[in-house]
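2 protein chains.
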Amino acid sequence: MIDNQVKVVFTPSGRRGSFPVNTPLLDAARSLGVDIDSVCGGRGLCGRCQVTCSEGSFPKHQITSANTHLSPISETEKSYGLRKKSLAEGRRLSCHTLLLDDCVIDVPAESQVHRQIVRKDAEYRDIQLDVATKLYYVDVPEPDMAVPKGDLQHLLEALAAQWGLNTLTCDALLLSQLQPILKKVGRKLTVAVHKNQTIIALWPGFFDKAYGVAVDVGSTTVAVHLCDLASGEVVASASLMNPQIRFGEDLMSRVSYVMMHPEGVVEMSKAIREALNSLFVEVTKKVNVAVEHIVEITLVANPIMHHLLLGIDPVELGGAPFALTTDAAIEIRACDLDLNINRGGRLYILPCIAGHVGADTAGMILSEEPGQQEKMTLLVDVGTNAEIVLGDKHRLLACSSPTGPAFEGAQISCGQRAAAGAIERVRIDPDSLEATFKVIGSELWSNEPGFDKQTSRFGVTGVCGSGIIEVVAEMYLTGVITEDGVVDGDLAASSPRVIADGRTFSYVLYQPTAADGLCASNQTPIVITQNDIRQIQLAKAALYAGVKLLMDKLEIQQIDRIRLAGAFGSHINVQHAMVLGLIPDCALNQVSSAGNAAGTGARIALLNQQSRHTIEGLVANIEKIETAMEPKFQQYFVDAMAFPNKVDSFSNLFSVLKKPVNKTVIPEISGRRRRRR
Amino acid sequence: MIDNQVKVVFTPSGRRGSFPVNTPLLDAARSLGVDIDSVCGGRGLCGRCQVTCSEGSFPKHQITSANTHLSPISETEKSYGLRKKSLAEGRRLSCHTLLLDDCVIDVPAESQVHRQIVRKDAEYRDIQLDVATKLYYVDVPEPDMAVPKGDLQHLLEALAAQWGLNTLTCDALLLSQLQPILKKVGRKLTVAVHKNQTIIALWPGFFDKAYGVAVDVGSTTVAVHLCDLASGEVVASASLMNPQIRFGEDLMSRVSYVMMHPEGVVEMSKAIREALNSLFVEVTKKVNVAVEHIVEITLVANPIMHHLLLGIDPVELGGAPFALTTDAAIEIRACDLDLNINRGGRLYILPCIAGHVGADTAGMILSEEPGQQEKMTLLVDVGTNAEIVLGDKHRLLACSSPTGPAFEGAQISCGQRAAAGAIERVRIDPDSLEATFKVIGSELWSNEPGFDKQTSRFGVTGVCGSGIIEVVAEMYLTGVITEDGVVDGDLAASSPRVIADGRTFSYVLYQPTAADGLCASNQTPIVITQNDIRQIQLAKAALYAGVKLLMDKLEIQQIDRIRLAGAFGSHINVQHAMVLGLIPDCALNQVSSAGNAAGTGARIALLNQQSRHTIEGLVANIEKIETAMEPKFQQYFVDAMAFPNKVDSFSNLFSVLKKPVNKTVIPEISGRRRRRR
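Protein chains in written order, with the numbering used here: chain A, 217 to 893; chain B, 217 to 893.
One or more of the hints may lead you astray.
No copy is singled out in the list; a pair is fine if it fits within one copy or between any two copies.
Stated by the list, open to error - Straight line, CA to CA, 25 Å or less: simulated SDA-like cross-link-like pairs of lysine to any residue:
{"#": "1", "residue 1": "K399", "residue 2": "F538"}
{"#": "2", "residue 1": "K411", "residue 2": "D387"}
{"#": "3", "residue 1": "K425", "residue 2": "C551"}
{"#": "4", "residue 1": "K404", "residue 2": "G535"}
{"#": "5", "residue 1": "K486", "residue 2": "S392"}
{"#": "6", "residue 1": "K502", "residue 2": "E490"}
{"#": "7", "residue 1": "K399", "residue 2": "R559"}
Please keep in mind that the hints were generated in silico from the structure rather than gathered at the bench.
Kindly produce the complete structure, drawing on both the sequences and the hints.
In structure tokens:
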């Protein structure tokens with residue numbers, strides 16, 4: 217300390233300065249631009265501005281005891297400890313602590329406004345917390361008859377004086393709440409300010425429990441994640457089946473429904489909005505708060521779900537030229553779409569990319585950041601269409617390819633949704649051609665003791681998407697089907713598993729017997745028909761051709777990394793997928809699941825407002841390829857019908873087939889195909 | 217013409233320039249900044265760009281025939297004439313007329329974007345048409361699969377290319393309309409753009425019938441005026457009784473209703489919104505258009521009506537400190553208040569001034585422009601409260617004074633609304649003290665033959681506001697009441713008109729007789745009681761005291777002009793009002809009715825968007841005086857109880873009483889009071 221000036225250094229920012237003795241720590245931090253949180257504006261209510269004091273960091277100055285550097289624990293800090301959980305050892309409220317002597321102040325992560333939210337997947341950068349809607353506690357002066365002025369004007373002036381927020385407006389929908397709220401706690405209230413511009417919510421007194429929800433509207437499943445906007449953590453999640461399924465299983469049948477029913481758009485919009493509202497109730501109940509605590513929604517969806525949510529007839533998306541109503545990001549009041557959160561709460565919908573490539577793909581790009589990678593990265597999200605993104609930091613391309621719903625188990629004779637009883641993993645013995653399998657709901661293989669008992673409640677009911685991939689890959693590896701996908705009828709003579717089915721042959725994946733337990737009598741055999749194989753060939757050819765087209769555009773022969781997003785991508789076995797030629801050749805350890813990347817993108821957009829600009833910019837610059845317009849697509853498609861296909865060398869794949877590199881993942885694939893040849 | 221350059225002068229702007237031969241006139245006009253209208257963007261559809269050609273104005277150049285200066289009548293102009301009413305003689309569509317030789321082009325008023333709307337009251341400046349919502353016809357390119365893009369983005373690009381509108385956004389509520397509308401007329405459509413920023417309405421093909429409504433929500437009456445936004449003309453009007461009357465006759469009883477009924481605000485908001493919606497249907501039906509043709513509403517109301525319309529509990533306005541929720545102007549989507557106009561239509565509510573001085577007063581100020589006057593001007597709008605504005609171009613003050621509802625006929629024993637059968641004019645003979653009167657619904661005086669027959673359908677039922685003023689003034693002029701407002705009981709002896717009524721005396725204004733016809737038996741006498749006189753004294757004292765207070769603040773003794781606004785101001789006899797001391801002394805020919813000035817203000821705000829900034833600025837700078845805070849108010853109030861009062865000299869008034877200056881207006885006042893004295 218020199219001339220009553222105290223030196224202070226804040227860590228981790230390293231910002232430093234000199235201040236008069238008795239300067240409040242929070243003021244010092246702010247004047248240096250140190251990133252330190254506060255909702256209550258220095259009133260000792262919110263506890264967001266906690267810091268610790270490290271000693272002895274000034275080499276020229278002997279520091280003896282922490283007590284001499286900061287003012288003693290104040291009454292406000294003591295009463296904060298009584299009301300909330302006590303302040304941890306050594307923690308101080310910087311708003312009620314005065315600088316007495318030179319010191320080093322550490323701002324812990326949870327006291328920083330822009331702290332990092334750790335993503336579980338270590339491959340990715342953490343999310344920097346920077347929410348669009350922030351809370352401010354404010355004390356509004358009493359009205360003065362001598363200077364007549366509206367209470368809103370009093371509030372705006374108080375926000376300017378106490379928080380430096382000078383250009384705010386207030387959503388007119390909130391006007392009816394203002395005076396009743398002002399009356400409740402002596403004209404003290406907390407406001408939520410959206411993008412530093414608009415007051416979108418009001419609560420009486422001190423309030424610091426604002427939430428946001430990240431929403432992923434899929435054709436099949438709708439999922440919401442409730443995030444605490446203060447910590448950035450997901451505090452509750454919930455999902456349910458998209459209620460639009462009653463209007464049509466897949467996207468195109470919903471579009472057909474709209475074309476045949478004049479009220480179809482209204483019905484389906486209402487259905488999805490009501491589903492979202494019920495999910496908002498569910499997630500808030502889990503943490504014991506009201507839906508009014510939610511002030512923001514971010515949302516991803518494919519184009520048809522996107523349009524239906526907005527009440528837009530998706531008919532134009534059902535045929536060429538697949539024109540979106542809008543591809544821009546949308547920011548709107550949630551109540552304008554009848555979504556029940558806080559009355560003034562906002563909804564942000566990520567931008568769409570093209571008629572088949574929606575905000576869900578934008579979410580995937582935001583989450584996976586292919587445009588920040590040195591490595592040439594392929595992102596694939598498989599549904600009724602496959603959304604394909606390929607590129608690196610220099611260039612990014614996207615397209616959609618019409619895989620149809622075969623990968624989801626639809627249009628497959630024994631296909632079904634991923635539910636208990638669905639076969640999800642399959643191995644075929646190359647000599648006996650007998651199959652063993654696992655079903656969802658049991659951890660046992662079908663040839664292990666106890667399998668019948670474990671599955672007796674639901675039986676073996678069909679094959680789900682990942683099971684289809686495995687069984688067809690195994691059929692190919694064991695020679696049951698040829699490279700052209702024809703079931704080899706000659707095998708019918710030697711194996712009861714291969715049976716004639718009119719002019720073609722089928723493979724019996726599962727034949728119930730009396731030994732299968734109580735349910736056996738109700739169960740029918742599960743058979744993979746020649747047509748099932750054709751459906752998988754069409755689907756995988758479409759996917760591969762789309763990828764190949766983008767590789768052509770980029771003039772590349774090799775992809776460095778593959779990330780498979782969505783439920784399908786999470787469950788399929790990568791090598792099986794590659795054996796079928798679903799995805800291009802790539803080092804197998806560079807192929808992985810991206811989980812629910814679209815939903816993660818929605819969460820990033822919720823927690824970091826800057827990311828909204830990022831994805832809007834990326835989407836504007838992405839090169840959109842329309843597969844239907846590309847003459848080469850058809851040729852690639854035809855060539856990709858074979859297994860694995862006639863386009864790719866699959867050098868990585870075949871090196872694995874010869875010499876297993878990862879026994880734990882695929883011990884049984886290696887060598888088998890060769891052995892039968 | 218020199219070197220294939222043609223000279224052209226546009227009148228009345230006087231702008232001139234040289235252009236290559238064959239330049240379209242509209243292009244030439246625009247490049248010179250000539251104010252010329254167009255909705256269709258030069259496609260010959262709207263007919264807004266009509267001009268005429270004047271010849272021979274270039275002294276150095278001999279012009280022989282109009283035909284040689286402009287291209288011949290084009291096919292487009294001919295077909296325009298076939299579709300619409302033909303082009304008038306000499307009129308050309310400037311978008312389809314090419315410059316061939318030097319000429320003078322006259323742009324008639326109706327072809328100018330910023331033309332003047334003539335106000336009937338010659339005292340005021342015309343309204344310059346400059347509407348906030350403008351129409352643009354636009355041709356949107358077909359979607360191109362090679363460059364996938366949303367149809368909204370196509371539309372925005374087309375608006376930028378065809379109209380230079382580069383920074384537009386579209387109200388998200390319209391998204392569901394876009395593609396269906398694009399499909400209707402080959403991707404041609406008309407958009408309404410609000411404040412050069414936001415697309416708020418869409419119509420297929422060419423459309424030029426956008427309307428706005430100016431709304432005046434009074435406690436008693438709700439009035440709407442439908443304006444053609446192209447011409448600025450009022451094309452239809454309608455009004456109805458404010459349905460909130462069933463919750464309470466006057467403002468304070470409605471506030472009481474809210475205080476006692478938790479759902480009161482919702483009920484009353486719903487009632488006024490439904491009333492407005494029914495009026496929107498009514499006015500649009502009158503001109504055979506749909507309510508969707510309305511794209512904008514501007515609205516004035518007193519503070520309590522203002523708050524109830526917005527769904528705000530007005531309870532804070534019911535007592536000190538009379539705090540408004542907001543005093544700022546409000547711009548909101550009409551549908552946010554459940555007002556049914558075009559889905560994206562906007563509502564603009566003028567700013568309020570103080571707790572008792574509302575957007576209606578702001579409308580009055582916008583209409584009357586006291587802040588632009590050299591003369592010291594007093595504006596008064598009398599209702600349950602009197603809103604008083606006083607000032608000139610240097611300074612403007614406003615206050616409200618609690619007159620109570622006596623001037624509206626309430627709290628008067630025989631008082632009633634202005635309806636058929638209500639006495640509205642009164643004369644008392646100074647010698648006989650007999651009264652003659654006129655009632656609403658009959659043009660005859662009560663002593664004229666045929667009066668009984670004309671009034672037999674409704675009878676003589678009470679006295680309305682203007683009648684109260686006249687009868688009390690006449691009672692004072694004829695000495696029936698003293699300067700202190702006491703009915704002179706001594707007169708009872710000589711006149712049957714003055715009768716005892718307990719300890720005080722009353723004046724019998726009307727005594728039904730058998731001769732009064734069929735209704736007589738149902739009719740009761742109409743009597744002015746001592747208490748009625750007291751109510752008028754209280755009301756007029758409050759009004760005068762408010763005016764005097766503002767005169768004090770401005771340190772003035774004399775007012776140059778008085779404008780009386782509203783229904784009351786339109787009907788009262790100025791001299792009678794001055795005899796009672798209702799308004800301060802002023803040259804009688806400088807006192808006049810301002811009609812529905814508040815409603816006119818709403819209309820100005822509708823037709824000229826700049827006026828919204830003007831009134832917002834004026835209101836921010838106006839000095840608000842709270843009468844309840846002013847110690848002198850009470851003294852002025854007491855002193856003003858007498859007739860005319862004990863504050864003002866009324867030199868102008870007494871000079872009239874001595875020497876009539878205007879026999880047609882008030883022949884019978886002059887000299888009478890003196891004669892009885």
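Query raised in the report: Checked against the structure, which of the hints given earlier come out wrong?
Result: none
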